[in-house]
Amino acid sequence: MKRLLLLAGLAGCATPPAPVVPPPVAVIAPVTAPAPAVVVAAPVDAGPPPLTAQEVQEALSLNCQSCHSLAYIEQQRLTAGQWTATLTKMRGWGALLEESQVAPLSLALAATRGPTAALPVFETRDLPAFTVEAEPARTPALVEKGKALFLARCMVCHGPDAHGSIGVNLVDRPIQQEPTRFAQFVKSGRGRMPPHADLGPRQFKELLAFLRSL
Amino acid sequence: MVAGRTVAAAPFEVLADTPQQLQTPLDALDALVTPTDRFFVRSHFGAPRLDRQRTLSLEGLVGKPFTLSVAALQKLPQTTVTAVLQCAGNGRAFFTPTIPGVQWQHGAVGQAEWTGVRLSVLVERAKVQAGAAHVHLFGADRAPKPQAPAFVRSIPLEKAMHPDTLIAWKMNGAPLTLEHGAPLRVVVPGWAGDHWLKWVTAIHLAAEEHDGFFVKKGYRIPPTPVPPGTKVPPEQMVPVTVLPVKSILTAPLEGATVKAGQVEVRGVAFSGGAAVRQVEVSVDGGAHWQLAKLEGEPGVGRWQRFKLEVDAPVGKMRVVARATDELGALQPEQGVWNPSGYFWNAWHRVSWSVT
Numbered sequence: 001m002k003r004l005l006l007l008a009g010l011a012g013c014a015t016p017p018a019p020v021v022p023p024p025v026a027v028i029a030p031v032t033a034p035a036p037a038v039v040v041a042a043p044v045d046a047g048p049p050p051l052t053a054q055e056v057q058e059a060l061s062l063n064c065q066s067c068h069s070l071a072y073i074e075q076q077r078l079t080a081g082q083w084t085a086t087l088t089k090m091r092g093w094g095a096l097l098e099e100s101q102v103a104p105l106s107l108a109l110a111a112t113r114g115p116t117a118a119l120p121v122f123e124t125r126d127l128p129a130f131t132v133e134a135e136p137a138r139t140p141a142l143v144e145k146g147k148a149l150f151l152a153r154c155m156v157c158h159g160p161d162a163h164g165s166i167g168v169n170l171v172d173r174p175i176q177q178e179p180t181r182f183a184q185f186v187k188s189g190r191g192r193m194p195p196h197a198d199l200g201p202r203q204f205k206e207l208l209a210f211l212r213s214l
Numbered sequence: 001m002v003a004g005r006t007v008a009a010a011p012f013e014v015l016a017d018t019p020q021q022l023q024t025p026l027d028a029l030d031a032l033v034t035p036t037d038r039f040f041v042r043s044h045f046g047a048p049r050l051d052r053q054r055t056l057s058l059e060g061l062v063g064k065p066f067t068l069s070v071a072a073l074q075k076l077p078q079t080t081v082t083a084v085l086q087c088a089g090n091g092r093a094f095f096t097p098t099i100p101g102v103q104w105q106h107g108a109v110g111q112a113e114w115t116g117v118r119l120s121v122l123v124e125r126a127k128v129q130a131g132a133a134h135v136h137l138f139g140a141d142r143a144p145k146p147q148a149p150a151f152v153r154s155i156p157l158e159k160a161m162h163p164d165t166l167i168a169w170k171m172n173g174a175p176l177t178l179e180h181g182a183p184l185r186v187v188v189p190g191w192a193g194d195h196w197l198k199w200v201t202a203i204h205l206a207a208e209e210h211d212g213f214f215v216k217k218g219y220r221i222p223p224t225p226v227p228p229g230t231k232v233p234p235e236q237m238v239p240v241t242v243l244p245v246k247s248i249l250t251a252p253l254e255g256a257t258v259k260a261g262q263v264e265v266r267g268v269a270f271s272g273g274a275a276v277r278q279v280e281v282s283v284d285g286g287a288h289w290q291l292a293k294l295e296g297e298p299g300v301g302r303w304q305r306f307k308l309e310v311d312a313p314v315g316k317m318r319v320v321a322r323a324t325d326e327l328g329a330l331q332p333e334q335g336v337w338n339p340s341g342y343f344w345n346a347w348h349r350v351s352w353s354v355t
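Keeping their order, the protein sequence lines are chains A and B.
For the first sequence, this note's numbering begins at 1 and goes up steadily by one.
For the second sequence, this note's numbering begins at 1 and goes up steadily by one.
Bound-form chain B, shown alone (with noise of 0.2 Å):
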């Protein structure tokens, strides 16, 4: 017995099976949009029933709180959004002294074309009472013991009011699968993974951000970078939320053998601050570097991707690359060390032999 029907999945390294965690490989990033059965699952408890009769209900400090089914939801305004999604982890596997999690390397990252409502369109439909500050989101997904705390995150009002946040229920064009949030999940572009909550049932608006564990423990990272190995009390630091700019070679990648000539070097960068100003690429490990060409539309906390002829003679070629946002925001050289291992998006190095 198989439980409904099912579309063909590509291979992904697996990082565990149970909850799954999938990481994409970089292959597969090799592209302006990621496809969505190569694209990466990550959770922290693992996929509730699939019940596409859910219903989404937005309370607390509203003047009209109201509860809508999905095909209700699909009669208001639709918009569509091209956005990264990268789980704040993503990297974690790079640092050192290391770190407790999943041991993400480069693949926690993918970008799709998101469609749904905006929330903004929902909490005004609500009519905001005065004092709210913060949207509180709670999703059907369950721990596997009753003593683990909720998977809850909030996002501050402001953000749950921006134009590109939405309450999505299509993912490059076609309904959510379960792994990726079905029915309905939330989209904040610009913005690290936990705040992407997965099969979103309630949307609560309240004066203080939530105070559960994955708010007030997890998620959060130093304000100002910390010797490598500090322990800093959750309270002393701030929720994740910018991506910081990174970019991340796709072709060639690390081991691969090609052959002497002019080779295209490719990748993707992105920002959750800003567009991506450029890219810049160096065969001699950082010493020179030249401006890659960008494809694609810049957006904030939207992937282009970056493509540079270079020459490779026969030998091993070392090869970095390095992005700028629009803030003039440039990614490091090293990655910069946290206690729960966010962010890391330091240059990308990969080497190849040419023959």
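Excised from the complex, chain A in its bound form (with noise of 0.2 Å):
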């Protein structure tokens, strides 16, 4: 059987979420036996079958994290329609999440982050520190070069001015002060955008650069 788990904790949390068992919705009675004093009847309208833990990880990963942090999701705590508002406004904000998603995503996030969950200890660390200085200088024979990667292998998510369009906008967007992150996404791939493997270190540099000639 199907369970729902406990979406996993916050970003960095080590510890594994605990499942949760959710109580039966019904059950069929075994027909084998005779004469069962006991019938339980079918759902009259029982619809697909609840999300499961993997399910929901999926959808928020291809759909919500290419612009936040699933500490976002994670952090909430809303009733089933509270989470198809938000998610519908994500929606019109321009996330790809299909529309038939967001009644099965909504009741599966609600039965693990509704209004009665507790609220998650935040995580307290150091961090990356403040930016006080504008990123290195760049060249033009740099820039250059960034542009005719970007045009051959990021333009078609990330449109040709890489204001976003399946891809997220890259212009005056953080990620542009986050060179470690920038080179994993790239390299790895990550929710809907695929790994690009043959790419090093000489190509995220040209590909920064244009990007902060935008």
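What the hints contain is simulated information worked out from the structure, not anything from laboratory work.
Only a predicted model underlies this, so the values are computations on that prediction, with no experimental measurement involved.
Just to be clear, a hint being listed does not mean it is correct.
[What the hints assert, rightly or not] Straight line, CA to CA, 25 Å or less: simulated PhoX-like cross-link-like pairs of lysine-lysine:
| id | chain 1 | residue 1 | chain 2 | residue 2 |
| --- | --- | --- | --- | --- |
| 1 | B | K170 | B | K159 |
| 2 | A | K89 | B | K231 |
| 3 | B | K64 | B | K217 |
| 4 | B | K259 | B | K307 |
| 5 | B | K159 | B | K216 |
| 6 | B | K216 | A | K89 |
| 7 | B | K217 | A | K89 |
Fit chain to chain and form the complex, with the hints in mind.
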């Protein structure tokens, strides 16, 4: 039987999620035994089965985390109705979630992150410090190489001007200050983005130089 | 490779990494000025590219529109204001029924010294035309998807002309960090943080308030309290502006263990509407109150520290604080629920053990 699991904890939390067993919605009595005294009726309108924890995680990974940390979701405590309103708003803001996914995902999220869920204990830690100086100077040659690479590899999803379409906008975005994460996403892919494993530090530098020139 | 030199940062509570939502722990609020490297960080879409060469344009219903570099702005008369910056959603996590949004508790607030040029100086230089009543504020940050609305804010011209309203380039005496809006941000003392637009690049004078999502739908509150859980259409709400009176206990903190005897209770208190008149502390859950001593210069939208020595016998201490401002507004026992969870200012209650 597929069971809902708690969403994974906050980003960076090492504790594995504990399984939660929901109360059974309906039980079909075995029909092999003769004349059972109790017959449990099948639900009138059962609808599709609830999403598994894996399906929830996959939906969030593919549709949410390209724009924001999943921590945003994991700290909410909302009814299914509130989740539907939020997911609908996010679809309007460019999330690639299908309309048909909104209802089952809302139910699944309300089951784990409903109004009575506990507020997560937020991680306290040192951070990559505040940025006080601009990135290293870029040369026109670097920008030109980055542009050629962008047009060949990135434009299809991120748009010719890098302002985003299927993929996210890359102009004036925080990722420009995070070269390590930038390299990781390009090399390994993320969510709907395919990996570009053949690219290396030189290309990452060129791509960032181009994006910073826009 | 590291993008730029950085300064060491102390721990924050990380509500999210992308975009960064960093909450200041309560112990860092136990001061008149909050250190920049522990000052909370909040934005809708995260920081744009750091570019200290960005310019500021003043345009719209003005006779002489202009564009100035940061260097040119810095040649104008400079003003420094000490003021509280508090996110409108600070305390959202405490409301019932629960409300979507970043689940801030106490630490989306801080006080800093802000240095810049008065916005009124720039507006006067541009020669306001008849009919201008609002100032639209545009920043360099961009949404992750083109379908998402830009974060644009609007303040009435009257507030823009207030002598404390600044276009700032310094925070606590140092150039703004990218996270706090470099190279330029708006400073609107007394008003909620959504007006303090970071990375500001353009100021547009107009007859009406801006018609974007973050003015017409976001950052609005019912003009009078509604029953918790009520749905209120945005057009029946008004912008969140003046910070309500509030006190926060900063020592001893919740769950602390202290030695029996005289213990100093400390905190900060502020109001966006007026200076703080008094802060009262109760050690019996609010039945009896004692006046705390205030420290620091009083002012609108500026916090003062409060201190009170209390006698702490062995056992459990339950301490509550409440502030009153010079307009007579008293911090309420309960937060006033509203659809987006703004302006939580209920009595701050902590309990600690005395051994």
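How the hints compare with the structure:
{"no.": "1", "hint": "K170/B to K159/B", "verdict": "holds, 21 Å"}
{"no.": "2", "hint": "K89/A to K231/B", "verdict": "holds, 16 Å"}
{"no.": "3", "hint": "K64/B to K217/B", "verdict": "violated, 32 Å"}
{"no.": "4", "hint": "K259/B to K307/B", "verdict": "holds, 18 Å"}
{"no.": "5", "hint": "K159/B to K216/B", "verdict": "holds, 18 Å"}
{"no.": "6", "hint": "K216/B to K89/A", "verdict": "holds, 15 Å"}
{"no.": "7", "hint": "K217/B to K89/A", "verdict": "holds, 12 Å"}
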